[in-house]
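Visitor: Quick note, the sequences are listed as chains A and B, same order. Per the working numbering, residue 1 is the first one in the first sequence, and the count goes up by one each step. Per the working numbering, residue 1 is the first one in the second sequence, and the count goes up by one each step.
Derived by calculation from the structure, the hints in this document are not laboratory data. Hints may be right or wrong, so weigh each one.
Some but not every residue of chain A turned toward chain B, in silico, with C-beta under 10 Å [as the list claims (entries may be wrong)]:
| hint | residue |
| --- | --- |
| 1 | Tyr37 |
| 2 | Ser42 |
| 3 | Arg50 |
| 4 | Glu61 |
| 5 | Ser65 |
| 6 | Gln69 |
| 7 | Ala93 |
| 8 | Val114 |
Cβ-Cβ distance ranges computed for the label pairs, FRET-style [stated by the list, open to error]:
| hint | chain 1 | residue 1 | chain 2 | residue 2 | range |
| --- | --- | --- | --- | --- | --- |
| 9 | B | Asn84 | A | Glu17 | 23 to 29 Å |
| 10 | A | Ala16 | B | Ser67 | 28 to 34 Å |
| 11 | B | Met88 | A | Ser12 | 19 to 25 Å |
| 12 | B | Asp38 | A | Ser74 | 42 to 48 Å |
| 13 | A | Gln14 | B | Met54 | 46 to 52 Å |
| 14 | B | Gly16 | A | Asp26 | 45 to 51 Å |
Quick reminder that beta carbons are idealized off the backbone N, C-alpha and C, glycines included.
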Amino acid sequence: AQTVTQSQPEMSVQEAETVTLSCTYDTSENNYYLFWYKQPPSRQMILVIRQEAYKQQNATENRFSVNFQKAAKSFSLKISDSQLGDTAMYFCAFMKPQHNNNDMRFGAGTRLTVKP
Amino acid sequence: DVKVTQSSRYLVKRTGEKVFLECVQDMDHENMFWYRQDPGLGLRLIYFSYDVKMKEKGDIPEGYSVSREKKERFSLILESASTNQTSMYLCASSLGGADNQPQHFGDGTRLSIL
């Protein structure tokens, strides 16, 4: 079974600074997908960024980027120029694609607070 | 945009009651999921369904059942609610038969069992 570990229950960052959230996972699979989800205080989970394991290039979405280290099974999220609206719970997720069933495994989450 | 709608945002029930949590998605997704979210534990999968009338147990199915009579609707049932089922419940859906399809979530239902 795959497990996902987020070792930082809470983090804080000053507005406009950069913060990195860590995530490690355990799998014997070679092909898989990784995701970061954001859950703001309004509670709806939204997808921030995704990474395919077969791609060496790190995914980037505007101020959000990942550092994917496949050999180390590490998938950290970097948020640049942090904004107050980035305050949220962040969940790292692992997915092993299977036909007709995209089952995901989530970490425990990191609560990020952006301070003015 | 995908819309996943959960029928209630807050729900208070009593121990022993039968509780229904409803979820509807409007994007013709094959896969639907029910999670519970607890502090320090993240999201844990209760049940999922990859087709109408199909269901599969997740990691913590005990005390729960599900129903998927129509493709767009996936119901979570607490047969006899207990206080340890007080939690946030999240429904999600995703496109089936294709890789790399992320799950889309509803707003969640915060359920309290008294």
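Visitor: Each of the hints needs a verdict: does it hold here or not?
Guide: For each hint, the structure was consulted:
Nearest Cβ of chain B to the Cβ of A:Tyr37: about 8 Å, under the 10 Å cut. The hint holds. Evaluation of the A:Ser42 hint against chain B yields a held restraint, the C-beta minimum of about 8 Å falling below 10 Å. Given hint, A:Arg50 at the interface with chain B, holds; its Cβ is 6 Å from that chain's nearest Cβ, closer than 10 Å. Given hint, A:Glu61 at the interface with chain B, is violated; its Cβ is 13 Å from that chain's nearest Cβ, farther than 10 Å.
Evaluation of the A:Ser65 hint against chain B yields a violated restraint, the C-beta minimum of about 18 Å exceeding 10 Å. Evaluation of the A:Gln69 hint against chain B yields a violated restraint, the C-beta minimum of about 20 Å exceeding 10 Å. With a least beta-carbon distance of about 8 Å to chain B, the hint placing A:Ala93 at the interface is held under the 10 Å criterion. Checking A:Val114 against chain B: minimum C-beta separation of about 20 Å lies over 10 Å; hint violated.
Separation of B:Asn84 from A:Glu17 is about 40 Å and departs from the stated range, judged on CB atoms against 23 to 29 Å. At about 49 Å, the CB distance of A:Ala16 to B:Ser67 disagrees with the hint of 28 to 34 Å. B:Met88 and A:Ser12 have their C-beta atoms about 23 Å apart, which keeps the hinted 19 to 25 Å range intact. Judged by the Cβ atoms, the range 42 to 48 Å given for B:Asp38 and A:Ser74 is violated: they are separated by roughly 25 Å.
As the Cβ distance of A:Gln14 to B:Met54 is approximately 49 Å, the hint placing it in 46 to 52 Å holds. With their beta carbons about 39 Å apart, B:Gly16 and A:Asp26 fall outside the hinted range of 45 to 51 Å.
Violation of the numbered hints given earlier is confined to hints 4, 5, 6, 8, 9, 10, 12 and 14; the remaining hints are satisfied by the structure.
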